[in-house]
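Use the sequences and the hints to build the structure in full.
With the first letter of the sequence shown counted as 1, position 497 gets the number 497 in the UniProt record's numbering; the numbers rise by one all the way through.
Heads up, a few of these hints could be off.
Claimed, not checked - Derived pair list, reagent style EDC-like, types lysine to aspartate or glutamate, alpha-carbon separation capped at 20 Å:
1) Lys354 <-> Glu315
2) Lys232 <-> Glu82
3) Lys394 <-> Glu360
4) Lys527 <-> Glu111
5) Lys385 <-> Glu315
6) Lys232 <-> Asp260
7) Lys262 <-> Glu82
8) Lys394 <-> Glu425
9) Lys363 <-> Glu315
No lab work stands behind these hints: they were computed from the structure.
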Amino acid sequence: MLNHFLTRASRVSSLTKHNVLPAFNFSRSVHSIPLATVEAEEISGARPAEVLNLVQGKWIGSSNWNTVVDPLNGEPFIKVAEVDEAGVQPFVDSLTSCPKHGLHNPFKAPERYLMYGDISAKAAQMLSLPKVSDFFVRLIQRVSPKSYQQAFAEVYVTQKFLENFCGDQVRFLARSFAVPGNHLGQQSHGFRWPYGPVAIITPFNFPLEIPVLQLMGALYMGNKPVLKVDSKVSIVMEQMLRLLHSCGLPVEDVDFINCDGKTMNKLLLEANPRMTLFTGSSRVAEKLAVDLKGRVKLEDAGFDWKILGPDVHQEDYTAWVCDQDAYACSGQKCSAQSLLFMHENWSKTNLISKLKELAERRKLADLTIGPVLTFTTESLLEHTKNLLEIPGSKLLFGGEPLEDHSIPQVYGAIKPTAVYVPLEEIVKDKNYDLVTKEIFGPFQVITDYKSSQLPIVLEILEKMHAHLTAAVVSNDPLFLQEVIGKSVNGTTYAGLRARTTGAPQNHWFGPAGDPRGAGIGTPEAIKLVWSCHREIIYDYGPVSKDWEIPPST
1 MLNHFLTRAS RVSSLTKHNV LPAFNFSRSV HSIPLATVEA EEISGARPAE
51 VLNLVQGKWI GSSNWNTVVD PLNGEPFIKV AEVDEAGVQP FVDSLTSCPK
101 HGLHNPFKAP ERYLMYGDIS AKAAQMLSLP KVSDFFVRLI QRVSPKSYQQ
151 AFAEVYVTQK FLENFCGDQV RFLARSFAVP GNHLGQQSHG FRWPYGPVAI
201 ITPFNFPLEI PVLQLMGALY MGNKPVLKVD SKVSIVMEQM LRLLHSCGLP
251 VEDVDFINCD GKTMNKLLLE ANPRMTLFTG SSRVAEKLAV DLKGRVKLED
301 AGFDWKILGP DVHQEDYTAW VCDQDAYACS GQKCSAQSLL FMHENWSKTN
351 LISKLKELAE RRKLADLTIG PVLTFTTESL LEHTKNLLEI PGSKLLFGGE
401 PLEDHSIPQV YGAIKPTAVY VPLEEIVKDK NYDLVTKEIF GPFQVITDYK
451 SSQLPIVLEI LEKMHAHLTA AVVSNDPLFL QEVIGKSVNG TTYAGLRART
501 TGAPQNHWFG PAGDPRGAGI GTPEAIKLVW SCHREIIYDY GPVSKDWEIP
551 PST
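Encoded structure:
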């Protein structure tokens, strides 16, 4: 699937005659898509873009405009109309106007299931057009810099997701079941029921894919969502909402707010949505769980591991996948490879030197390495230094700032980095938290183990609190059985081609081991996150002609 992304992305890039040049002066050969209010390559300090809010079917500005700086040169280039705490009331009113039984359900306005199948079909067709796809790829690159191929994969997955829910597929999400009762005329029916007013909060790293997949899932099941995307990248979703409106999405069905975390917290407490989906940091996730009394689904931070088993195969391929998992999108994926366990058989190969060669191919010029939006360069290098103070640790490669760039100091800019830490040191309590600290950037820890030390590896996995993705790279069925049977991660890849990243739309993606865990992309994920079970028991009779009132019980 990943190779398919890369091949098709290269073809589309060639067709549109766009190249990511070192100076990032994009030659303009594609005009705005219908209803778009920006040209991705023309956004600049001289021509800043504006991002509005949507509430009660109307696009609105704000008296408070937040300025977003270009992550590649620090130039203020986007103005976001941010709502402050005094301005949340229209959003509260809009959300509370939705009843608990939702905008549609199996007994109310069922034609809306068909409407959303049509909307999905039209939106999928729009995103399949090279002009439209390229527009969103370029816009993503401007605010969350990543290579054309990585940005294209995000658009591609979104388009395929929409294709998956065309026609009758939306109403199939609400499929019910029946069980015979105890007597004639009695049947119990199970239905998927919406929550009604809901909220969606999504991060910066996938500005299109995560919000679209969760938003559409919420809408398919009959909910009315308010959507907040990280303001640094919310321009992408604002433009996507305009496209969805052109495809038939009722403007009143979704509210879209730009605000800081404190304001969003106030909105949630006052509007009291029946369910809130949060994708982002564990710290914020835990706070929301308390504030909202558990009415949350979470896809929080992921410190993700990969184990290379005792059987060595396809050294070049394995090195390439490890490089992609750790450093694509500059490591800013919740599924990025954070900790690599190498069996001693792999330690005897040239894997590390090949990893180093692949990492050193990455260049700012084509955005295969780029700015880190949640850590500064100083904090990344400080973390590296702290790890190197652990006995036996060593720098394998990287550990230096990027050179010859204009990335603003508020962001991080380092070369792809790997630090070796001995297994026996990782397991020590004094080192464990440091080694397993999630660094949302081009950074990984590598260690090795003997077959006799597999229990220690499994002990390390057991102590982790995040269980999103994992990979077990082995074709040894007994080894796979041992590791999979004693681990938890909700999206685990197993086999020679196992990876931690690159999740498409055709399988579940989400954590396990937590009843609050959210999934994304599949029918099972949509039903779990965006609906609840309702049982209706029909009992028509008849009552027997010789029925009499029985004794009291």
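**Message:** Hints numbered earlier in the text: which of these fail when held up against the supplied structure?
**Reply:** 5 and 9
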